Amino acid sequence: MRYLGKFTEILSKQQSLDYAMSIAVCELICRSIKHLFVNYMQSVEVVYMATAISHFLNCFLSSTVTQPSIIDEISKHSKRRGKKFRNGRMVSPNENGAGKNVTDRQCFDWLSLTSKSFWIQLRNEMDTYYGWTAPKDIDSVESLLHRYSIQKISLLRIVCIRTGIQILLREYNFEHKSRPAFTDDDILNVFPIVKHISPRANDAYNLFQNGQRKISEGNIRDGYDYISEALNLFNSVYGPLHQDIVQCLRLLGRINYVLGDYAEACSYQQKAVLMSEKVNGIDHPHTITEYVSKLLKIIIIFLIFFFSGLEFSCLI
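Just so you know, UniProt numbering puts 88 at position 88 of the sequence shown, and the rest follows in order with no gaps.
Hints are all accurate, no fakes.
Quick list of in silico lysine to any residue cross-link-like pairs, SDA-like style, CA-CA up to 20 Å: (1) Lys152 with Asn173; (2) Lys195 with Leu36; (3) Lys152 with Arg31; (4) Lys278 with Gln166.
Ranges between beta-carbon positions, derived for each pair: (5) Lys278 with Val38: 26 to 32 Å; (6) Thr133 with Gln15: 17 to 23 Å; (7) Lys278 with Ile153: 19 to 25 Å; (8) Asp185 with Phe302: 44 to 50 Å.
Rather than coming from a laboratory, the hints here were simulated on the basis of the structure.
A quick note: this is a predicted structure, and the numbers were derived from the prediction, not measured.
In this text, a Cβ means the ideal position worked out from N, Cα and C, and glycines have one as well.
Required output: the full structure, derived from the provided sequences and hints.
So, in structure tokens, the structure goes:
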């Protein structure tokens, strides 16, 4: 990732690689926003966390940000604590009745964030951290996403996964001019993101690789036996749900399809789809691949049975 900015500069010179350029710019945006979000949340009190996160997302993706509503929302919490806002600052009465500042300005620095200042911070972060400078004619996040054909909903999903934000599942209107896209009620939780190393079952993985090698050599039966044994070992080590088990199920379904056992092929592919949904998520690229593989197998098997005059319903 150190040379992500340099890699993006090289892609920008190749017109035929626009799709790769969009992916690279999306990665730059997500990684830079993660850095900004970490710094942004340092000064946020727990009681205002949902308000601060929704404000951050509005500055990022919404077409409008209503700053007064945020101050009103904070004022509701402040009244319970005997404090109130004056000119955008939280004050409380002292012994003489006059107001004085009772908290550091750092505690509410996040209130000063706007869409314009957010774009300036994002542009500087991409420039200083990754060495990639956005074109001069781009003056906002909106124009940056439009230039490289990046969808807001896809970007929102990636950012939430990277930062650990859990939001409400609903339709978000990012283009509304008078109402922000996110509110406090949309922020459900914030989960810690922990980097870890996933251990691998070496014996089972070696069997899986041997099975793939046998299949590439044309020994389909031997490859099937290796993959089946690897599947049993994966189940013993990982349990019933794991990404490696999904790969075994997919490959077993493909082998059964080649061998002409269409019922087993559909069964294994169905298991691969269901497990991928649980392990990777319904919108993960691997899950989409499983759906496509299942659909292609069903279509081809249907055509085979249709032209041969056999009954297809027994496989469904």
